[in-house]
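From first to last, the protein sequence lines stand for chains G and S. Per my numbering, the very first residue in the first sequence carries number 1; after that it's consecutive. Per my numbering, the very first residue in the second sequence carries number 1; after that it's consecutive.
None of these hints come from the bench; they were simulated from the model. Please note: incorrect hints may appear among the correct ones.
[What the hints assert, rightly or not] The calculated lysine-lysine pairs, modelled on BS3-like cross-linking and capped at a C-alpha distance of 27 Å, are: (1) S:Lys-247 with S:Lys-299; (2) G:Lys-52 with S:Lys-330; (3) G:Lys-436 with S:Lys-330; (4) G:Lys-48 with G:Lys-214; (5) G:Lys-122 with S:Lys-330; (6) G:Lys-436 with S:Lys-110; (7) G:Lys-436 with S:Lys-105; (8) S:Lys-325 with G:Lys-206; (9) G:Lys-48 with S:Lys-105; (10) G:Lys-207 with S:Lys-105; (11) S:Lys-325 with G:Lys-48; (12) G:Lys-52 with S:Lys-247; (13) G:Lys-354 with G:Lys-364.
Here is how the chains run, residue by residue.
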Amino acid sequence: MEEVLLARWQFAITTVYHFLFVPLTLGLSVLVAVMETMYVRTGNETYKTMTKFWGKLFLVNFIMGVVTGIVQEFHFGMNWAEYSRFMGDIFGAPLALEALSAFFLESTFLGLWIFGWDRLSKTMHAACMWLVAFGSNLSAFWILVANSFMQSPVGYALRNGRAEMTDFMQVITNPYVWGQFPHTILGGLVTAGVFVTAISAYYLLKKRHLPVFKPSIKIGLACMLVSTLLVMGTGHLQAQFLATKQPMKMAAMEALWESADPAPFAIAVVVDEKNKKNSFEIGIPGALSFLAYDKFSGEIKGINELQAAAEKKHGPGNYTPNIAQSFWTFRIMVLSGLWMMLVAALGAFFFYKKRLEENPFILKLLLWSLPFPYIANSTGWILTEGGRQPWIVVGLQKVSEGVSTNVTSTEIWISMIGFTVLYGALAAVAIYLVRKFIIIGPLDEKPVLSVLTKKKEATLWN
Amino acid sequence: MELNILWFILVGVLFTGFFFLEGFDYGVGMLLPFIGRNDVERRIVINTIGPFWDGNEVWMITAGGALFAAFPHVYATMFSGFYMALFLMLVALILRGVAIEFRSKDESSKWRSTWDWMIFIGSTLPALLWGVAVTNLIQGIPINSKMQYAGTFFDLLSPYTLVGGVAFLLVFLFHGALFLTLRVEGELIERSRKAAVKIGLLAALVFLSLVGLTYTNTDLFKSALASSALWGAVAVFVAGYVLLWLKRFGWAFAMSGLAIAFTTIAFFSGLFPRIMVSSINPAWSLTIHNAASSAYTLKIMSFAALALVPIVLAYQGWTYWVFRKRVTAKELEY
Numbered sequence: 001m002e003e004v005l006l007a008r009w010q011f012a013i014t015t016v017y018h019f020l021f022v023p024l025t026l027g028l029s030v031l032v033a034v035m036e037t038m039y040v041r042t043g044n045e046t047y048k049t050m051t052k053f054w055g056k057l058f059l060v061n062f063i064m065g066v067v068t069g070i071v072q073e074f075h076f077g078m079n080w081a082e083y084s085r086f087m088g089d090i091f092g093a094p095l096a097l098e099a100l101s102a103f104f105l106e107s108t109f110l111g112l113w114i115f116g117w118d119r120l121s122k123t124m125h126a127a128c129m130w131l132v133a134f135g136s137n138l139s140a141f142w143i144l145v146a147n148s149f150m151q152s153p154v155g156y157a158l159r160n161g162r163a164e165m166t167d168f169m170q171v172i173t174n175p176y177v178w179g180q181f182p183h184t185i186l187g188g189l190v191t192a193g194v195f196v197t198a199i200s201a202y203y204l205l206k207k208r209h210l211p212v213f214k215p216s217i218k219i220g221l222a223c224m225l226v227s228t229l230l231v232m233g234t235g236h237l238q239a240q241f242l243a244t245k246q247p248m249k250m251a252a253m254e255a256l257w258e259s260a261d262p263a264p265f266a267i268a269v270v271v272d273e274k275n276k277k278n279s280f281e282i283g284i285p286g287a288l289s290f291l292a293y294d295k296f297s298g299e300i301k302g303i304n305e306l307q308a309a310a311e312k313k314h315g316p317g318n319y320t321p322n323i324a325q326s327f328w329t330f331r332i333m334v335l336s337g338l339w340m341m342l343v344a345a346l347g348a349f350f351f352y353k354k355r356l357e358e359n360p361f362i363l364k365l366l367l368w369s370l371p372f373p374y375i376a377n378s379t380g381w382i383l384t385e386g387g388r389q390p391w392i393v394v395g396l397q398k399v400s401e402g403v404s405t406n407v408t409s410t411e412i413w414i415s416m417i418g419f420t421v422l423y424g425a426l427a428a429v430a431i432y433l434v435r436k437f438i439i440i441g442p443l444d445e446k447p448v449l450s451v452l453t454k455k456k457e458a459t460l461w462n
Numbered sequence: 001m002e003l004n005i006l007w008f009i010l011v012g013v014l015f016t017g018f019f020f021l022e023g024f025d026y027g028v029g030m031l032l033p034f035i036g037r038n039d040v041e042r043r044i045v046i047n048t049i050g051p052f053w054d055g056n057e058v059w060m061i062t063a064g065g066a067l068f069a070a071f072p073h074v075y076a077t078m079f080s081g082f083y084m085a086l087f088l089m090l091v092a093l094i095l096r097g098v099a100i101e102f103r104s105k106d107e108s109s110k111w112r113s114t115w116d117w118m119i120f121i122g123s124t125l126p127a128l129l130w131g132v133a134v135t136n137l138i139q140g141i142p143i144n145s146k147m148q149y150a151g152t153f154f155d156l157l158s159p160y161t162l163v164g165g166v167a168f169l170l171v172f173l174f175h176g177a178l179f180l181t182l183r184v185e186g187e188l189i190e191r192s193r194k195a196a197v198k199i200g201l202l203a204a205l206v207f208l209s210l211v212g213l214t215y216t217n218t219d220l221f222k223s224a225l226a227s228s229a230l231w232g233a234v235a236v237f238v239a240g241y242v243l244l245w246l247k248r249f250g251w252a253f254a255m256s257g258l259a260i261a262f263t264t265i266a267f268f269s270g271l272f273p274r275i276m277v278s279s280i281n282p283a284w285s286l287t288i289h290n291a292a293s294s295a296y297t298l299k300i301m302s303f304a305a306l307a308l309v310p311i312v313l314a315y316q317g318w319t320y321w322v323f324r325k326r327v328t329a330k331e332l333e334y
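For reference, chain S alone in the conformation it holds in the complex:
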């Protein structure tokens, strides 16, 4: 296989892993103020993602690094073009990280509720912004002949991309609520279930509008793989919702995760072989060829990725095994 294609797939896999994993921990972060009604409950909610969130975030960092290494022009065009959006996201991620670490380090209730809101904001904003970013990629943004973004921050916000942002946010919320049903105990399970039931319906509605708008606003449906993946995402999402009603939480969570994975696959295969679509002139789009690193660099990086990715998957998987038990109030490390 041509290495440019391999790296396109690898970047896709990294984003899929990132949205799947960080999807539920953004969801949990957004739900924190609403599911946890007192200090212990909120600590329990945070501890459901406590051992994982940092490792999950590395999926994003690695995706960024992989873009830099394999498609430097995409890295340069995207992050200079999405400048203000990325700045907001970085601020949110900084607040979120320190909030998770700092919130229990002081007894004052004001201290704790402040950091809890930081976790909320730090989870909401990136979820929204990633949705906006992904839909912008497929819809097309003003990229000129010199591979430069030629718009402003507000050009990134269209009805389509805003629906994309809200859809991502709601799907992550649903995913997070389902994750909580698996990780908490007693009354909290019921509360998480109820949240998932409410959010799921709304998420389904907005997600369907996203699919509809994707049909009118993009050329994604030209690709058979992309359109079947997107319809597959709708199908597994509905299946997840039904399984939630049947209280088969494990399966429901797997389905919401699959829905996220299928959506990501849909967007990536809809893009292929482009990575960023130019709305000014299709010929100015950044593709896996005109934006890529040299064949030599791709070869070196391929060896490294093939050696390292399985190891990473093994120990990250093991972490989930070590912390498979539900989080209880009796054993809170923090």
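If we strip away everything but chain G, and leave its shape as in the complex, we get:
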């Protein structure tokens, strides 16, 4: 089944790439809207400069999210046609609602925002960015509704050889969504907070454009501090939810082979998948039970018991996700989060003491924290999606049953290589542009129109 493996790789590559841009869009749209609102309320031109500067970086990121998002919509039909047939009745609805209620909103009002600076009133213009922010985050909601069904199906019945929706309200009030959605939105705010803080720190280090970046870093740090705390809180609630609703993912995350009560929290393990045990392990006794149940006792089911139960229910087969991957992605995500919380607290402390500007060490720490939200977001999704293996919809359809049957491995290879090469090239271009804008800085308000127009210009076809 080479096709399944290739289709999975393609999904992983295109999704993780898409999600490098999405979280920043979710968070930065809010922060840009906040900045523009401050401009409208105070009339202070500095806030307008800020809005335009961060808005420019936002746009490069936004467009990358949009174009890679189109691929996301269509490859369910391309590579996962059998999944689409089996699940279309439930999965198609949130996707269509996403387009109708969110994509139209973001794209239309972003067009108004970009081109409407002189045509709309100040308040109206700021309102456009708020609508973009609302639309982006609403689209995250719908996509998580769809994803949550795959993680934890509710409100359906198996009929006519497929899963059919029986209760729409249950689908959108799926408890899984309400764990994932706040966590994702806050992850977006963390990303935006770190992004704004890190780039502002760069300018403070260079002592350039201080009037713009001192207030910027204040906004960035505040956002970073609050959202890292909240993202941890929601992550914790989600883990507690997993303990009862997706015990296999929980056990995989912890590399817990045998059920235990109280269960220890493993700090580091060496997984021996063949012999179904860990060849090395250090952990904190009882800590996992505490994380799951808020008390130092309570059983956490182990992989071996869950595997046996799954075989009994669904027939023979491997129902265990990749343990080492689940274990380490979870820890990398959590450690990245802790790191960001720590530097946010440090940065905020020095800012509060008015000693941030003169402290290049802290500023550099903030600057070099820029990769962490991206690491956390990516590992988070690899854990979420990898952790439900071998299921595409937990308990209902396996990944191997969801793949398109009439698509050849050659076709998948071509599209996978095509997208990967294109995505790589575009990443280089986007990074080039963001870097260029950062080096130029915000005060460069000269029209982007080319100086070329003054001289006679070559036509395009020679």
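We have chain G already, so just place chain S on it with the hints.
The following block gives chain S in isolation, referenced to the frame of chain G:
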């Protein structure tokens, strides 16, 4: 009304809106290297669609989402069957989107002309491919008893579908040139007009061949509604061309848009109640019944669509009102 029919109509409406709106911005994209002779002019040409193109593209995304929600088997069969074509289209759309956004972000003329060509390719390829796709649907493609596409990429290319692709491309070009006459100033208007005059004639010729081939290659003319819509499309297209000669650009644009709308209506009503025609066995065609979601899902989606579509139309319409003035070199945001 039966909800399956309502959703067939809604999907048709979404595709009509998509071809009407994105038709002119594909057209403008294709014309970009030829109408805009220097950097400022090219920026003006891009800015005529600047505030709209992304919103227009959402019509396609929504049409795709609506197919998924209402007719999941069509979504699955079509996109796995048209795999390579769709891959090419996605690459083109990615290049087009980033090109519009990135082209003015660097001063180098090489940078800009590269992205301008990406806009050109990114507009040409989807226009062509959509024409090929739509004509394939009505002509029939090898769909087997298991609702699976049983052909290859090259089975999608027949003389009929290639004429369909070229016809769509030319009509979109004409539509785009007329749109430009409404949105630019001075010398550019004249250039757009001349382009429209040339393209219009060619487009009319190819479109007529498409109508002829549709008569021999498909059963579209069995439907009275479909055949009258298709002849209506021919009539309004010619009317648009005459109005162009009379320099009534606004009316000419409305007519080219109507021609696109009538064509889409013709194809959809020719299909009804099928959505994808099987060339192997008519009984294996995907229809509004055997390919649809459950009645419950259709009901939920109907409420949502009836509530949301008017709101979307209102604010998208408002956008066109806000940017009703011609694009001038003096106020280019980019």
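*Would you check the hint for S:Lys-325 and G:Lys-206, treating anything up to 27 Å between C-alpha atoms as holding?*
Roughly 43 Å between the alpha carbons, so the hint for S:Lys-325 and G:Lys-206 is violated.
*Is it true that the CA of S:Lys-247 sits at most 27 Å from the CA of S:Lys-299?*
violated (47 Å)
*Hint consistency between G:Lys-436 and S:Lys-110 [alpha-carbon to alpha-carbon, up to 27 Å]*: holds (17 Å)
*Hey, G:Lys-354 versus G:Lys-364, does the alpha-carbon distance stay inside 27 Å?*
holds (17 Å)
*Verify the proposed pairing of G:Lys-48 with S:Lys-105, using a straight-line Cα cut of 27 Å.*
holds (20 Å)
*Hey, G:Lys-436 versus S:Lys-330, does the alpha-carbon distance stay inside 27 Å?*
holds (26 Å)
_G:Lys-52 paired with S:Lys-247 [C-alpha distance capped at 27 Å]_ = Violated - the C-alpha atoms of S:Lys-247 and G:Lys-52 are around 41 Å apart, more than 27 Å.
*Given the hinted pair G:Lys-436 and S:Lys-105, is their alpha-carbon gap at most 27 Å?*
Holds, at roughly 9 Å.
_Does S:Lys-105 sit within 27 Å of G:Lys-207, going by the straight-line distance between their CA atoms?_
Between G:Lys-207 and S:Lys-105 the Cα gap is close to 25 Å, so the pair holds against 27 Å.
_For a C-alpha distance cap of 27 Å, please report whether G:Lys-52 and S:Lys-330 respect it._
holds (20 Å)
*Given the proposed pairing of G:Lys-122 with S:Lys-330, does the C-alpha separation stay at or below 27 Å?*
holds (21 Å)
*Take a quick look at whether G:Lys-48 and G:Lys-214 sit within 27 Å of each other, Cα to Cα.*
Satisfied, since the Cα-Cα distance of roughly 14 Å is no more than 27 Å.
Going through the hint list in order, the structure does not satisfy hints 1, 8 and 12.
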